[in-house]
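Engineer: Guided by the hints, dock chain B onto chain R, whose structure is given.
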Amino acid sequence: MSEFCGRTRRQFIWETGAGFTGVALAGMLDSTFFEQSAKADGTAKFSNPLAPKKPHFEPKAKSVIFLYMYGGPSQIDTFDYKPTMYGRDNQSIAIKTFGRGGHKNVGRIVEPRWKFKQYGKCGKYVSDLFPNLAKQVDDIAFIHSMTADSPIHGSAMLQMNSGKILSGSPSMGSWVNYGLGTVNQNLPGYVVMLDPRGGPISGAKNWSSGYMPASYQATVFGGGKTPILDLSRPEGLTDPAQKDLLNTLRDYNADHEALHTDNSNLAARIASYELAYKMQSAAPEATDLAKETEATREMYGLNDKKTETFGRQCLMARRLVERGVRFIQVYSGGSHVDSTWDAHNDLKTNHDLHAGETDKPIAALLQDLKQRGLLDSTLIVWGGEFGRQPTAEYAEGTGRDHNAYGFTMWMAGGGVKGGVSVGQTDELGSAAVEDPFKVKNLHATMLHLMGCDPNRLSYFYGGLNQKLVGVEQTQPIHQILA
Amino acid sequence: MFKLHLTRLFLPLSLTALLPIALGLTTAQTPSPLSQAEKLKFYTTKVAPVLKANCLVCHSDPKEPSGGLLLTKRDAILKGGVTGPAVLLNNVDKSLLVEVIRYQGRMMPPSGKMPQASIDTLVEWVKMGLPMPGPKAGEAEPVHHGPPPVNAETKKFWSFLPIKRPAVPILAKTKTLKAQPKNPIDAFILAKLAKAKLSPAPLANKVALLRRATYDLTGLPPTPKEVASFLNDKSPTAYEKVVDRLLASPHYGEKWARHWMDLVRYAETNSFERDDPKPFAWKYRDYLIRSFNSDKPYSQFLTEQLAGDELPKPTPETIIATGYYRLGQWDDEPADPEQARYDELDDVVATTGQVFLGLTVNCARCHDHKIDPIPQKDYYRMVAIFQGTTRFGRPVDKNSLRVIAPAEDQKKYAAELAVYRGKLNELKEELSSVEKKAFADFTPVEKEEFKGEMNRLPLIKKRVGTLVSAAEFETYETKTREQDTLKNAPPKGLETALSITESGKVPPASHIMLRGNPHSPGDEVTPGFPSVLSPPEPTIPVLSAETNSSGRRLALANWLVSPQNPLTARVMANRLWQYHFGRGIVRSSSNFGFMGNLPTHPELLDYLATELVRNNWKLKPLHRQIMLSEAYRRSSQTDTLALKKDPENDFMWRYDMRRLSAEEVRDSILAANGSLNPTLFGPSVYPKIEAEVLAGQSIPGYGWKTSLPEDQARRSVYVHIKRSLVLPILASFDAADADFTCPVRFVTTQPTQALSTLNSVFINEQARIFAKATAYDAGNDPDAQVKSVLWRVLQREPSQKEIMRGVDYLARTQKKFGVSKQESLRRFCLIALNLNEFVYLE
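First to last, the protein sequences are chains R and B.
If you read the first sequence in my numbering, its first letter stands for residue 1, the second for the next number, and so on.
If you read the second sequence in my numbering, its first letter stands for residue 1, the second for the next number, and so on.
Next up, chain R with everything else stripped away, as it sits in the complex:
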């Protein structure tokens, strides 16, 4: 494979008079580079891009469920307890903020609108927004010192999902599937579930495979019997009739393939029809909740209108994890402003709504995974593209503007310590002051737990070994690793 014009690539580099780097080059000439350059012409041997691959080291987590709180939840109203903020409502203070309203140097405090109580053995303070989830704090690692490069939804979402504030780079799920493949070929390896109120800003860019092949992009799972686009047979076509149709197609294609046996792409395309057929039954089976017990349905909140949608999605996420899906992202919030966590108007109404819809289902997901022994191998990530300011956006009201200087995310399961909190914001909850972490540290943590070295998992594109965490060495958040 590494023969080019009868020479190895390393020889060619040396022989062309460019003897500049032996060591650096050896690292870059990994097998993926050859595969890519040869495969891109469509004629080289087919190899399934999603076949399971060996991780760099023994993984803690096999799957990730990223619960994406789109719009940006307020940290001081959820998990970042700031006792001194109470009683300071409407106080004018000097504070540097940066949101959609631009840079400001003063602000009017909006004190947290919910009370905090201590929970669990660890005694973590959690706000009244999450009475159910609060009971699971001993399984959760809170990161209170997250920072992002942008306080604007568009670019910040791209960064949370792909590491870059520009579009065009692969999203996290694409990286995970590229690095590890997937174990269940009858289901997509990377699934996104959207809020029925709408998609996120930038739509499909958030789950795109960017400069990687389309094989690594996410498949959007909707609700209902046909979770995937074009999954169901057209009306009127019965299962036996479709089988007959596919058999006839296969017979034609087999005759053609017999003349070109050396072109494995033809065989692969024949096989892809079989796989598609299997997916037609595997995917609905995976998302069919009929066989779940009443207790489970109740636990996830399927019997309550408020929690039904997100509960259904969390339960589907668990079922997908059980079936080997690598990366699942579930959006809480869709479309714009108050249909998301983007509380510019009335903080209370907004967060009561979104926390109310998700608290019970998320608690159930953690509990359910745990009782099934799956929490150890499933990494749960919770958070949005940024947090919110401790001060008001306008002269009146409780709306909070975006805040990328400091916000809270949490992780649980798959190799994460429970009952810990790392990093701190200042006394207002405005900016990270202790152990500030960047989005890339979060990504590094996720890859690390999946058994991939974040600084080694690379994809050669545009003259560069691209990485999810960027070119600079990036550390996972060691403090939360079990």
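In short, the hints are calculated from the structure, not lab data.
Virtual Cβ for every residue (Gly too), placed ideally from N, Cα, C.
Using C-beta positions, here's what the derived DEER-type ranges look like:
| id | chain 1 | residue 1 | chain 2 | residue 2 | range |
| --- | --- | --- | --- | --- | --- |
| 1 | B | Lys688 | R | Gly356 | 29 to 39 Å |
| 2 | B | Glu64 | R | Lys115 | 47 to 57 Å |
| 3 | B | Glu64 | R | Glu322 | 33 to 43 Å |
Structural biologist: Frame of chain R; chain B shown alone:
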């Protein structure tokens, strides 16, 4: 070989590294009572643990230490990283290392300030003069390799050397080769094959060849008439005539414009939250089609795109061409505007470098290129070429839109516009008289909402009966509608183009940005070209007084097409080859640097490059020569021996099969059932997209207005390209992702493709039209129907076995599943549209 080079190149470095002493002994600035041994002990026991715990995670990898700073060796610390020496032995407090650990300015480690005791230890160590043990005698020092320098040796890399016309090889006569090949391309290919003891595959059959040629030049299948005429033409020039006919087809421009659109990251929207459309982007696409069709010399084509506005006599055409610069992403609310500005410049440098030069100049943005001899300075000299260009928006019409209408139109328009604006202002005043009354009790959020025009009516309506009377609201509503109507019907605008503009004749100064950080300007640089190519200093042309532009881009274009440039012609000739053979002579067609693939046929590449220039940079003669070669006309059939020896077909012993591109797949489906609308040019069209897909948008359906049915059947090159919403069938068959330049498309095979071509509304509707057309053509006879369907997808006579299989299918489906004749035929059409032979060219 490996060792030899190491010795030769790194001898001086290795020698110094072998000196087993710590230089701290002699250069320590602070007198210290400690002996050298004690100092080293201080290092080992106190300093090393602090470094290890806090710093070495990022600063110990000799290959790629973070920030270029290696903290494991004394000389490396003194040399420092990209921000300069880490330690100044004569100024401890001003040493970068000391400053950053004290969190003065930059903060290290980034995860949090170290305990004071650790900081004190490191400062003490610096004061001691940085004592560190050197490597022991005889112990080999790992050699630290820097980026390749620009020097006589690296300048000798094949693609950096001038293009020389190679002699056409003379082949030895054999049993099969009686005369020298007529086409020099074949001489080059056969010579290599002979040397490798490989024999070429026989020539392809006529249908395979016609399909191949027709798709390659037009992106469409041949029509039945074209097939018949070619099969019946027994003259020796039959094929030549086909090639000439195809090169003259208007669809040639459509197909080859699409290739170019991949390269220039063509999209019609900006990405990010709004993903707004780019006005008149489609005119650039039409410009491409016209340029290819008229066989515009590539030198001119390139110059128009890079500097069409800086030419002595710009025309509407050359202004439209500069839309090239406006096709990238545009963040209309960047968190860091300066960063965004440099990201935009990077987009232009990256695209221009890769597309025209085949160099990844963009890799030198933050530091010297790690692989190629492209210093960071060269990157910023290239940035300087574009430094005067305005940004895409703020506002778009001022920066990116130019009127290209003739002067008399402009006069007439100005008068119309004055009247129009007067009317609008009148309306605005009338509306605002009502709005002022309503404002009184607006909440802050409502004030925000009021900024959006579409929100105003409901906001005013809310206040009917309180602040606003019913009559006033009625007037308000009427006037609002009038305003909407008026706004939707402005005086027929002057012909306008999306284009580049500059801010003036003298662009702002350009600087090297340290670490690529736009907030850390370093040395000033002047415009220039990659130094490894030994270019002349740019000759910036003096532009006419009325041209508000620096002329730097024209200087770039002039150099690119100058005879001294070793890359431009090679890169383009190689692309031509790639789009005919599925792979370039250099497979990495946008990377001719050290990390790129070597040319499999370097002499052939240079031959083609010189041919391109000799033909006055016209592409059609080169297409012709390539397509008339035997190399192109060879069969794709396999040969066990050759396959074993050369599985990747590096020697081009056969023609590689290729799958149709995404656009070709969709266009062929429409062509097969006869519904393809062949209209050329114009604003983009919007085929219907399923609601499930639109549901992924934050406002489902936003920015996608479904076109009339006949427009939905236009060729794919005319489909609107919205960055955040791609037509599913195109996305599924690996259309180019428009965020970055795309030199080679992926060819993936995945079950979701099969789902789409089996179950989608689109494919089932196309199958229905197909069945209807078949019944019309072939009547009721199943035999004739099957034959007709297969013919339309394969362009060949189906075998008896293939016909029988289809006829059986029709009968069986009707009988077993109780469906109508028409439905069974529709299902058979669906099968036909899924055949491998339909989407693969032999």
